[in-house]
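Novice: Here's the letter readout for the chains.
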Amino acid sequence: MTAVIKTEKLTKDYGSGRGLLDLELEVQEGEVFGYLGPNGAGKTTTIRLLMGLIHPTAGAASIFGLDCWRRAVEIKKVIGYVPGEPSLDPNLTGGQILEYFANLRGRVDRAYLKQLIQRLDLDTSRKFRHYSTGNKRKVVLIQAFMHKPRLLILDEPTSGLDPLNQQEFDRMLIEARDEGRTAFLSSHVLSEVEKTCTRVGIIRDGRLVRVGGVAELKDIRRYEITISFAQPVPAETFEKLEGVAEVERLNDGRTVRLAMQGAADAVIKAAAQFPVVSLTSYEPSLEDIFLRYYEPDGKASKETAGVV
Amino acid sequence: MWFRSVYLKTLRDFRVPILGWGLGLGLLMAVVIAALPTVLATPAARAAVVALGPAFAWFAEPVKIDTPGGYATWKYGLTVLVVAIWPILAQTATLRGEEEKGSLDTLLSVPLARARLAVEKVAAMWTALLVFAVIVGLLAFAGTAKASVDFGLGDTILFGVNIALIAAVFGAVALFVSQFVQERRTAAGITAGVLLVCVVLDMVHRVEPGTDWISRLSPVYYYNLSKPLIPSYGTNVGAMLVQLAITVALSAAAVWLFVRRDLGDTVHLPGVSRQPKAMRRPVAALPVGDWTLRSVYARSLGMIAIPTLWWTLAIAGFSAWMVDVVKQTASQLRSILEGSPVMKDFIRIGGSDAASNSGILSALFIFAPILLMSFAVTQSNRWSADLEDGRLELVLSTPQPRVNVMLGRFAALATATVAISLLTLAATALASSLTGVALDGGKLIAATLSMIPLALLVAAIGYALSGWLRAAVDTGLVSFLLVIWFVIVFLGPGLKWPDATLRLSALYYYGTPLLNGVQIANILVIVFVGAAALALAATRFVRKDLAA
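Residue numbers (numbering that gives the first Met the number 0), protein chains in the order written: chain H, 0 to 307; chain D, 0 to 547.
Isolated chain D, as found in the complex (with noise of 0.2 Å):
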């Protein structure tokens, strides 16, 4: 059945991801929705959970946040968009990825018409993402089972079509960059850095009034326009037309230039000239003092300047923005944080106080680890994929010792990390100098360090999980682990959760170190575990078959 078509074959290779995406979503949905009563079930819990919506705006617009459904969409409003990754991921890989690895050549040699052929891949793209809004809805209305909600299943499933939507637009962005670009990684980087600006630009009418304008701009906007678990609030129709009308033009654009540019070539946009190749002549010299091949280490070093350079922009930025956010909001959110019980076990987590802009930026701070250690799981991706694809296979027909070539790439990482987490010092001290919110210099110093050791465990995990899983599973657990670990510090202390439970996120390790520098004890055992997982990848490495 799976091979009648390419829509049902792309289908066919859509099923696992779109399963897993669709439970982990759906089965969080249905947790919060289930628990939330429970946290809100005082009227001093519910005012003060309101008091806290207008201080945290700019991270979700909060509407009715003392009911389930208006609590779930505000604190899940931002980060449901890590379901955008996964349609970025596979609309790269659909059309680029597969004129990378040839197979598209052989696909075409069948009496099948280029444009059909893209249709096909998009149509499935949709189905999958509709199958994913379905789980979604079904599952958060079984979260509700149990509890009091003034909303039913068709608001659910509004609400998992609605993620659909946004998730489907980056797809379709992911889709149309990836014909103008060589690569498929750089056509995801690029969408993802589109995705990140998006969000920013829907942060800002939230923080700077008569700024809406410039939030029209992003499709988050309009994503962010629907909540149909607040049936007061309800359904935006016209803004899920838009969503959808994004995509389609998107996906119309991306196949048009598909069906008329070369199979493997990109896009030749107007006024960028290209050297005719019949002028060229063919060079046999060898290059000189290039630096970044003289070793393993030096080559991987090379290999994740560019990303880094990126990363740094987003996490440094990302964090000096979070200063002038504390300056902006100080007043106001000292006193929320002070008097809100939800914040204040948030907060307890590293064991400190809300007194403080130090102790205010380390609530928000939370997000630069998480950032760093998202890069950690690109670059252990990038190693797992570089291992199935057989790229070490000739590295390793040199003297080279197995341990070496991993310890290289990983050392590469963790100097790039450690690049990262000095500029973000930088950054976030500059930031503090500039607003005048006076931050203890030693203790920002622990916060920005202390994220390394969180990024290279994360990395180490995928690297061991690489000796053993396919690429896209070991990035897929990976991932899974990391909203994991945030969704138990963000939401476990709300829930009451045990602390053995909140042990088990590595966040919970980073504490508040803005506010209570290093904890050495902590550090101690995110270094050690991650020690233990990289000897692990190690020996692995050093046994294992390497694939053909």
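Okay, chain H solo, but in the shape it has when bound (with noise of 0.2 Å):
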């Protein structure tokens, strides 16, 4: 597979210890590249750095093999980008807006151009300035989509948008992985994410602080069990099994809920043997593993530590 995005050691340093920081990703040829961090982490930082709007402090970053500062020209040809604070001239419309782009990158399909404005129901006959956010988001988007890019750059395209829009642009965008174009796109809808993507990475103060397949990343042994007996069961049953992380002790006594990280055989054995009532399993989401990440430093990656 092709590398559509790579970047060496990428680092953006703003001093006082904010930034990005020895950034190594790669992101395959008709991938959905989820990037995903809290507030601050560097995901927009990251992003402005492949779009050439500023330059690395150290490292480098490269879209389709060209330099993403010194060729930003010729590697803007094939990018459609979304920011995450778009600033529009409030004074032009959407539809003005749409014009001006559409000449500014030429050999824009009209057609196509109408179609996307459709499928988002966009009035274009008003002013930029009396949009609401969902339709001011809509006009970076339709822009971003307009001529076929081969890699899409959105920074949480889907902020402000209602749920029928998302599920149209979740939609716009699986059509674009289906067609093998590329997309790295970073939010905080993980659900969206889930949807999506193919690959996600997890970014923590600056630093890229897990990569992986959403499936892989699901894989992460740490799951929960409940299990509910007909009388009060010891909790030091399951203490010393292995693959028990955690025991914790309801308050009705027969209840115990068991953080796991590896295999259960040996839960499913010792709980056996008293009379089990109920048994739920449940498994993480992408949002858990995310909120774990971000858990008090030392913590998580304790727990995540040589998994996957």
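By construction, these hints were calculated from the structure, which means they are not laboratory data. Hints should not be assumed to be uniformly reliable.
Computed beta-carbon distance windows for the label pairs [to be verified]:
1. H/Asp-161 to D/Val-482: 47 to 55 Å
2. H/Thr-197 to D/Asn-403: 33 to 41 Å
3. H/Val-72 to D/Arg-259: 47 to 55 Å
Listed next, the in silico DSS-like pairs over lysine-lysine satisfying Cα-Cα at most 27 Å (straight line) [said to hold, decoys possible]:
4. D/Lys-495 to D/Lys-63
5. D/Lys-100 to D/Lys-8
6. H/Lys-239 to H/Lys-268
7. D/Lys-100 to H/Lys-126
8. H/Lys-76 to D/Lys-543
9. D/Lys-543 to H/Lys-8
10. D/Lys-543 to D/Lys-100
11. D/Lys-543 to H/Lys-5
12. H/Lys-147 to H/Lys-76
13. D/Lys-442 to D/Lys-326
14. H/Lys-147 to H/Lys-194
15. H/Lys-8 to H/Lys-76
Under 7 Å between C-beta atoms, here's a sample of chain D residues computed to sit facing chain H [said to hold, decoys possible]:
16. Gly-52
17. Ala-283
18. Leu-285
19. Leu-292
20. Arg-390
21. Ser-396
22. Thr-397
23. Pro-400
The beta carbon of each residue, even a glycine, is placed where N, CA and C say it ideally should be.
Join the two chains into one complex using the hints; note that each chain is given alone, in its own frame.
Specialist: Following this line, the structure appears as structure tokens:
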């Protein structure tokens, strides 16, 4: 596979410990890559470095083998971009903005552009200043998709969109993926990432702490088993068992909640010695994994060490 | 301390500009007052100045202009009005600007009444202007330390208060106007127009006898009724109260309207019907044949078109009016200019004399390039603000080289300045033809077209500074530079400043083209420095990180 995006020790130092540090990342052609992280983690900095809007303090980033800073103009011929906080001329109508950007890009299929406008149900006659947050987002989404770019770089693309339009955006992204195009998107909407992304990267304090397929991340053996017994059971029964990370006895004294990391075989066998009323297993969502990475320092890295 | 209330927070926002303007104007007054006794040392010099006064009455009323206080009041009577620019910008940014940014939504989410919020912001502005008045007064008084003058600290403070009052009037106008328009910039532009009209209205009664009633419509008229630096003329408390009353009335009206209208909306004027939103059907069409959307240059031209129209009216109208002023007072002016060492020095900047209509007009024509340069300041501010607000980010996500984006904007500005200059040429030629004031066509062309490099120099400096500085600081510095250049050519010859100092002003190189035609070497200096500034701006813009 060809690396569409490649960064090598990419660093942007804003001072005071802020910025991005030694980012090593590859996004392959045809992938939809989700980039997750809390506010200030370095997501937008990464995206702006890729877009050639800011230059790196150290390291390098390339798109289609071209340096993001030096060859920015060539790269942008094949990129569609949605900024995190779009700022456009408030006096232009949505239609004027789209026409202007179509002219700046060149070779935009007006029929496809109108199709996008209809899909996202945008009223192009209103001035940008009069648009709601969601409609402003629609304008920038349409301008990012209108030239069918080979690479989409999207910073929080669905922020402010209503659920219907979020679904339409998901469909547009999946269509792009099915056509073999690549997307790099940052998001806080983890369900959206789960639905549309093939791989995910998690960034924290300017460092990439985790990269993997969505399925791989969900495969972390940290999950919960809740067992209700007919009578109280000593908590120590499960404490030393293989795969059990933590045992919590609930108030009624007959229910235990087990935090698991690894196989459940020993737990099942131990539980079988008592009369079991119910047993539920809860698989972590991507959101749970994501939140675990942002637990207080030390905890997350310890628990996930060595997994995947 | 600064974050305890809206009042204190707003005052905190004002602290740098108010100190800057206060120190700037205060130091200027101190220098002028300290130097004037030298200029007016001999009876001949004083007589020449006194003789000059009536001819320049259109500019400011000449009262005891052979005294330091009188001369300073007369010569700076009009120019101190530039101080009004800051309150205009600040008051439009206060409510309307914060609504545009959306920050007022958050501020009003706290349990704070709208009226209270608006009143605290207005009070902060008045406090800031009072601080400004005291700074100007103290510094002006400091200028009297080694000069023999007949006014004291109380008078210089009153001088500062009078300026602060007229500035507050236009700040209040800006606040009022911003209740009716959607954009901060529009409100500031309209108020600047009102300021210009008020200045002209005030001038009318000094040019046309029997038109006092017209001038009374202008707040500037009441500002000019107080001359605290001339003890025998004194301070007109009534006139000051009129200014205060206008300020309070307009501010109260603005607050009243602000409290009643929708946030982010404008006051709905009676009789202006609006299409109900429910009747609108979504439109999915794209504009057809809109030439302004074809390129960065075309879009930039579209953006600059309306301001260009207004500035053309101001600059071309002013230039044509100057021709009429020459016609009205030609003989009087000619005899005075020939006999006045002060004005001879002023005119000598371009190596000229005052023996013709062109010579007289040439002395007045210096204001036309200053106006065009002011237009360039506003447009370089727009570039700087767009850069700061991140409006270029999406444009630069298209395959447009950065340098093309910047030069596209600059080229549109250059086109606008050429258009303004050509229309000024046409208006002046028409005025010359209608009034019978004979002007050399070639030199008139030189005088109008020579303004272009000056305006582009100012813009290029503004563009270059935007590579490092925030928009407000950038614009403040370029405006200050323009004021300094003006002071150098307006004051320098009279104060016998060395030629090397005069050469620091770009206006020096403009000279008197109406009289002497194009001085290629001087124009080339401006073009060269302008090109260097533009190259620096482009180099910096290509390399700099774009604001998030």
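Novice: H/Lys-147 and H/Lys-194: Cα distance at most 27 Å?
Specialist: 21 Å, holds
Novice: Between H/Asp-161 and D/Val-482, is the Cβ distance one that fits in 47 to 55 Å?
Specialist: With Cβ atoms ~52 Å apart, the hint holds.
Novice: Taken at face value, is the distance from the CA of H/Lys-126 to the CA of D/Lys-100 at most 27 Å?
Specialist: 16 Å, holds
Novice: A range of 33 to 41 Å was offered for this pair. Does it hold for the Cβ distance of H/Thr-197 and D/Asn-403?
Specialist: At 37 Å between Cβs, range holds.
Novice: Less than 7 Å between beta-carbons is the criterion; does D/Arg-390 satisfy it with respect to chain H?
Specialist: Since chain H brings a Cβ to about 5 Å from D/Arg-390, closer than 7 Å, the hint holds.
Novice: Taking the closest Cβ pair, is D/Gly-52 under 7 Å from chain H?
Specialist: 47 Å, violated
Novice: Given the proposed pairing of H/Lys-76 with D/Lys-543, does the C-alpha separation stay at or below 27 Å?
Specialist: Judged against 27 Å, a Cα distance of about 21 Å means the pair holds.
Novice: Straight-line Cα separation of D/Lys-543 and D/Lys-100 no greater than 27 Å?
Specialist: It holds: about 25 Å lies between the C-alpha atoms, which stays within 27 Å.
Novice: For the restraint on D/Leu-285, tell me whether the closest CB of chain H is nearer than 7 Å.
Specialist: 5 Å, holds
Novice: Sort out whether H/Lys-76 lies within 27 Å of H/Lys-147, counting only the CA atoms.
Specialist: 11 Å, holds
Novice: Would you check the hint for D/Lys-543 and H/Lys-5, treating anything up to 27 Å between C-alpha atoms as holding?
Specialist: 23 Å, holds
Novice: Does the Cβ pair H/Val-72, D/Arg-259 satisfy 47 to 55 Å?
Specialist: 51 Å, holds
In the structure shown, a violation is registered for the earlier hint numbered 16 alone.
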